[in-house]
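Colleague: Please put together the full structure from these sequences, using the hints given.
As given, the protein sequences belong to chains A and B, one line each in that order. So the first sequence is residues 1 to 115, counted in the numbering used here. So the second sequence is residues 1 to 338, counted in the numbering used here.
Hints are not guaranteed to be accurate.
As the list claims (entries may be wrong) - Cβ-to-Cβ under 10 angstroms is the rule here; a few derived chain B residues that face chain A:
1. Phe87
2. Ala143
3. Leu144
4. Leu145
5. Pro190
6. Gly315
Read the hints as simulated data drawn from the structure, not as lab findings. For glycine and all other residues, C-beta sits at the position ideal for the given N, C-alpha and C.
One letter stands for each residue in the lines below.
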Amino acid sequence: MYENLLMMFLAAGFIAAAALVVGALLGPKRTTDDLLEAYESGIPATGTARERFPVHFYLVAMLFIVFDIETAFFFPLAVRFGMAPQFLFVQAILFVAILGVAYVYVLRKGVLRWK
Amino acid sequence: MAESLLTVFLKALLLAVALLGAFAYMTLIERRILGRMQHRIGPNRTGPFGLLQPIADALKSIFKQDILPARADKFVFVLAPAISITFALAAFGAIPGGPAGSLFGFDPWVVDLDIGLLYVLAATSMGVYGIFLGGWAANSKYALLGSLRSAAQIISYELGLGLSVLTIIMIAGTLNLREIVEIGVWSVSPWLWPGLAVAFVTFVISGIAEVNRTPFDLPEAEQEIVAGYLTEYSSIKWALFQMAEYVNMFTAAAFMSTLFLGGYKGPGFMNALIPGSADWPIVWLVAKMAIFMFLFIWLRATLPRLRYDQLMRFGWIYLFEVALGAALLTGAVIAFVL
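Modeller: Structure representation (structure tokens):
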């Protein structure tokens, strides 16, 4: 079953590699310093892009990990939900309630308030 | 029914080429429909109805100069579009196009996974690596901002996507896409319809956000950040990102059809009109995908782009809570009503 998946990735990777090779071979190769500069709306580029950026992105990434793992925990529960629906439903509610506390805290802290 | 690896590889290659051909003509269809919606005609000069336009576009992007910015991280810069397109194409492989052996004796899928649903979710979200690495490697401020936004957006709407499918999984009790189609989630009980309907809406909205389409196309908000992560890309690498975006749209459309609209199964009343026509493999999947593709284009012509803070609030507050609510509602119905 999984060897089929490998074949799919081989075929997709082949397409990607072929496109890159063909593009690299066929295009013109006239370069100037201006052409190779980062685009900053036409004016000469200042500095690099290796600078600090808003911490919000980091917070969103951390939150994503927390809540995506929550979702990941739900998947096995959902697949076997039919085995003991009432018991599992109460379990799910308890789980959501615990995470709900963290969720409300995060919202109150203003993590998602972008200025 | 086990097919040889060579057969599977050829099927995979055929699927990839078909998806790229569909991508080429989707761009034409999109431009024509958008043109009509905006009281224009759209491209119609290249061949009859503009049918040669995608070929002209492809040739042009191949013969354009491939610029490697001097300060870019060159290896990652080249790798990023390859990651995007590889995972976009591979994600589609698990979508079933019909029952086993229904395509001239072959199975109309490349791989039939027991965890097909998880696999498609995982493979499509790998696309964020292509976008983020591409924007970071370019070492350009606009590209960096675009890729940061894009990454934050995609992971945020991933939650809505994951929570929406919980409803389906609870009802179907399996992660195998073919079994989900065969069960037919709407036919289980009318009590489940409210949860399913809400989950469908949240799933479609998060799906559109996942593939960066209007009104969620913040990564390409040209008024603010030029072309986002695509700013420094040119020629075939730019085309590869475009391909990945459209192939992801196809996957999203096929995924929505498969989970919520019965996938490759046709509506039963079609058998009364043309006997046996409800069982044509692939035809129905493509027809349902076409509805979603048209919806994507229609939304692009209709809706303005969201502001970034609105986008994040919408994803984290409304979509997250509504999708979770739908899942819990479905759970309550299964536990206490059925």
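Colleague: Identify every previously stated hint that the structure contradicts and give their numbers, smallest first.
Modeller: Hint 5 contradicted; others consistent.
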